[in-house]
Amino acid sequence: MDLNSLRADGWEDIVALSVMVVVAMFFWYMRDMYLNWTVFVAGIGAGVGVYFINEFAEDYPVAGFPISMMFVIVMLVALYEESLVAGVVAALITTTAIKVYEVYL
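Numbering (numbering that gives the first Met the number 0), first residue to last: 0 to 104.
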């Protein structure tokens, strides 16, 4: 392991995303929901979208704020819709994995 690759910036985002993954999975488990593979794969694509929206919002905070808030509202609506929770979990896992890759390597 190369200790120079451990950067301090970005780990707060990883911890926050990991907590969101755990909360979404707990919500999914407590509601006894099933896995819909189409929604799960779409969630992976949404996770990549979340990552790029986050990068855009960091570079252009004023323009990125409404886009970020719209995406947050869409994700919250998807959490309340039982069939779309698998997509939210997949999106959060994908975003976390991309952020870990970016920070660690």
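Incorrect hints may appear among the rest.
[Stated by the list, open to error] Straight-line C-alpha distance at most 25 Å; calculated DMTMM-like pairs for lysine to aspartate or glutamate:
#	residue 1	residue 2
1	K98	E54
2	K98	E11
3	K98	D31
4	K98	D58
5	K98	D12
Everything labelled a hint here was simulated from the structure, so no lab data went into it.
Bear in mind that the values here come from a model prediction, so they are computed numbers and not experimental data.
Exercise. Which of the listed hints are not met by the structure?
Worked result: 3
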